[in-house]
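J.: Work the whole structure out from these sequences, hints included.
Here the protein sequences come in this chain order: D and C. For the record, in the first sequence the residue sitting at position 302 is 605 according to the working numbering, with numbers rising by one throughout. For the record, in the second sequence the residue sitting at position 227 is 530 according to the working numbering, with numbers rising by one throughout.
For the record, the hints were derived by calculation from the structure and aren't laboratory data. Please read all numbers here as calculations on a predicted model, not as lab measurements. Among the hints, a few may not be true.
Pairs count within a copy or across copies, as identical chains cannot be separated in the list.
[To be verified] Using 27 Å as the maximum straight-line C-alpha spacing, the simulated DSSO-like pairs for lysine-lysine come out as follows:
| id | residue 1 | residue 2 |
| --- | --- | --- |
| 1 | 470 | 426 |
| 2 | 426 | 473 |
| 3 | 473 | 484 |
| 4 | 473 | 545 |
| 5 | 470 | 610 |
| 6 | 545 | 607 |
| 7 | 470 | 484 |
| 8 | 610 | 546 |
2 protein chains.
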Amino acid sequence: MNEFELIYSYFRDISPKRSDVLLGIGDDAALLRVEPNHTLVVSTDSMVSGVHFLSQWPPADIAWRAVMTAVSDLAAMGATPCWMTLALTLPEVDCEWLADFSRGISTAISATEMALIGGDTTKGPLNIGVTVFGQVPFQQEIKRSGARSGDIIFVSGYLGAAALALKNLKNNAIPEPDNTKIFSHLLHPYPRLDWIPLLRRYASAVIDISDGLSADLNHLCVSSQVGARLEQEAIPLHPLLKKYAVAEAVDIALFGGDDYELCFTVPATQVQDFLAAVSLANLHCFQVGTIIDGAGIQIIDEQKNSKTLEPRGYQHFN
Amino acid sequence: MNEFELIYSYFRDISPKRSDVLLGIGDDAALLRVEPNHTLVVSTDSMVSGVHFLSQWPPADIAWRAVMTAVSDLAAMGATPCWMTLALTLPEVDCEWLADFSRGISTAISATEMALIGGDTTKGPLNIGVTVFGQVPFQQEIKRSGARSGDIIFVSGYLGAAALALKNLKNNAIPEPDNTKIFSHLLHPYPRLDWIPLLRRYASAVIDISDGLSADLNHLCVSSQVGARLEQEAIPLHPLLKKYAVAEAVDIALFGGDDYELCFTVPATQVQDFLAAVSLANLHCFQVGTIIDGAGIQIIDEQKNSKTLEPRGYQHFN
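T.: Structure representation (structure tokens):
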């Protein structure tokens with residue numbers, strides 16, 4: 304066993320125990336039991352330094368972010384997370400880095416109750432490959448493609464904080480303690496697993512906002528073969544966005560990604576029941592627009608003027 | 304959509320269709336149906352240039368090898384392959400390279416009847432992340448840990464050809480056409496999926512030989528808490544090994560990896576039935592030794608002398 308295989312000792316015992324894992328790390332492959340009458344949901348991501356994170360970030364935050372941005376894709380399908388594999392390529396064996404990184408993985412998989420079921424460690428340029436697994440009862444899966452004309456568009460929380468933090472990496476214009484606060488939105492996203500039960504019941508389509516509301520709502524519309532009309536005034540701007548970037552606040556919220564809030568649609572006939580359920584669940588969401596026939600996204604500004612939104616997202620660090 | 308997201312167009316339509324894929328590439332995650340009364344089997348690998356392959360190899364071969372070495376892990380659990388995800392990190396968009404690489408992926412997933420269900424493409428140093436999924440009926444899963452004292456040890460085919468090819472990369476001593484022949488063992492491994500039905504029925508433990516018979520049989524023994532006795536004369540040396548590396552042939556077969564044959568154990572009481580079934584299935588295997596109490600691997604040479612085998616494997620290109 305070489306030193307890179309030994310790396311796995313950092314991850315061997317951090318996994319929450321789950322009874323559906325018949326065999327975890329240590330054999331040729333993992334053996335897993337999917338719950339009867341459930342659909343398996345799988346998403347895979349690779350994270351590269353300078354694209355998805357900066358190498359100077361705390362390793363535990365890099366790890367948390369790698370796990371949670373992948374888990375956000377499960378939430379967007381209405382799936383409860385259950386397992387994860389980690390393929391880690393590292394330029395060198397740095398014990399201090401590894402201890403902190405594995406602590407971040409541990410915290411994230413514990414928070415989401417996922418078992419770490421396998422992995423691979425290799426020598427090479429830093430690359431973090433995460434595959435996450437979730438399950439959802441038959442017929443309760445939610446796709447991007449289910450939105451229909453007339454459906455109401457919601458967003459699960461404030462937008463723009465992570466993009467403001469990215470912006471501030473360059474111009475460093477935000478004083479403490481707001482700087483730390485805003486930066487935590489970028490480093491420490493929380494996938495909206497709390498929305499899963501309500502989405503399964505009411506949502507016609509869901510997407511997670513990783514590239515920006517404009518780009519991701521456009522993905523949803525393209526998949527559903529519909530268009531959308533957004534009310535500019537209804538877009539939930541993060542309070543710190545209004546404090547530090549008034550002039551650009553709407554643009555940052557529309558085109559800045561990395562918030563990992565969910566954007567979803569609910570049929571108009573169900574909205575009243577849905578909002579009652581939201582209130583009962585102690586959640587809060589923002590009604591931002593309506594699905595319409597056609598294609599593309601129209602945005603209605605404060606003067607009731609309509610313009611077509613460019614579906615571009617942020618290029619992270621490029 | 305940036306150019307790296309567009310890369311996925313190379314892979315979008317190459318996947319075999321499967322009815323158990325409810326939703327493949329294109330949403331936040333894939334939706335999959337696991338067969339009732341089957342265990343899900345998952346293995347993940349990342350392949351790095353200079354460690355698992357050389358960048359000057361034909362892209363289609365790099366792709367084939369990346370898929371098939373991962374699939375070999377499924378065979379070692381008795382699992383039939385069904386799905387795959389591909390996380391591809393590339394330094395640049397090289398259309399010619401991508402076309403050839405996707406052709407290699409296509410050939411491999413077609414040969415193994417796996418659907419490509421998801422992926423991710425990112426800019427960065429070349430890294431190929433493959434996660435493969437298989438299924439096996441309940442109770443027919445085979446682990447490394449099931450070998451018991453008295454079980455007979457088998458190998459599914461000739462060993463050493465791939466390691467000889469690796470060796471020849473350095474000293475280039477083998478003339479054509481044997482050079483091409485031997486090299487194809489390294490570039491184009493065939494995972495032994497043909498053995499799955501028999502292994503499910505008869506094997507007490509299985510491992511695939513990626514690091515070398517010595518190292519991998521040792522993994523099996525450690526997992527099973529047993530030792531092994533190998534008959535040196537019984538080790539199936541590849542014919543070209545005997546032709547070009549007589550003096551080192553046994554060492555290359557023992558310590559050279561990358562053949563992706565299977566090493567497995569069968570309880571002594573079942574061996575007769577097993578061998579009859581092997582013959583009926585038109586397969587061929589080699590009986591190489593016996594599982595014993597204790598730990599470590601003893602090898603019995605032609606003079607009936609016993610020595611302890613060092614469980615080391617090859618370091619590929621280091």
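J.: Take the hints in turn and mark each one as holding or not.
T.: Evaluation of the provided hints:
| no. | hint | verdict |
| --- | --- | --- |
| 1 | 470 - 426 | between (33 Å within a copy, 21 Å between copies) |
| 2 | 426 - 473 | between (31 Å within a copy, 21 Å between copies) |
| 3 | 473 - 484 | within (17 Å within a copy, 55 Å between copies) |
| 4 | 473 - 545 | within (19 Å within a copy, 63 Å between copies) |
| 5 | 470 - 610 | within (25 Å within a copy, 65 Å between copies) |
| 6 | 545 - 607 | within (21 Å within a copy, 83 Å between copies) |
| 7 | 470 - 484 | within (14 Å within a copy, 56 Å between copies) |
| 8 | 610 - 546 | within (26 Å within a copy, 75 Å between copies) |
Going down the numbered hints, you'll see the structure goes against none, and every one checks out.
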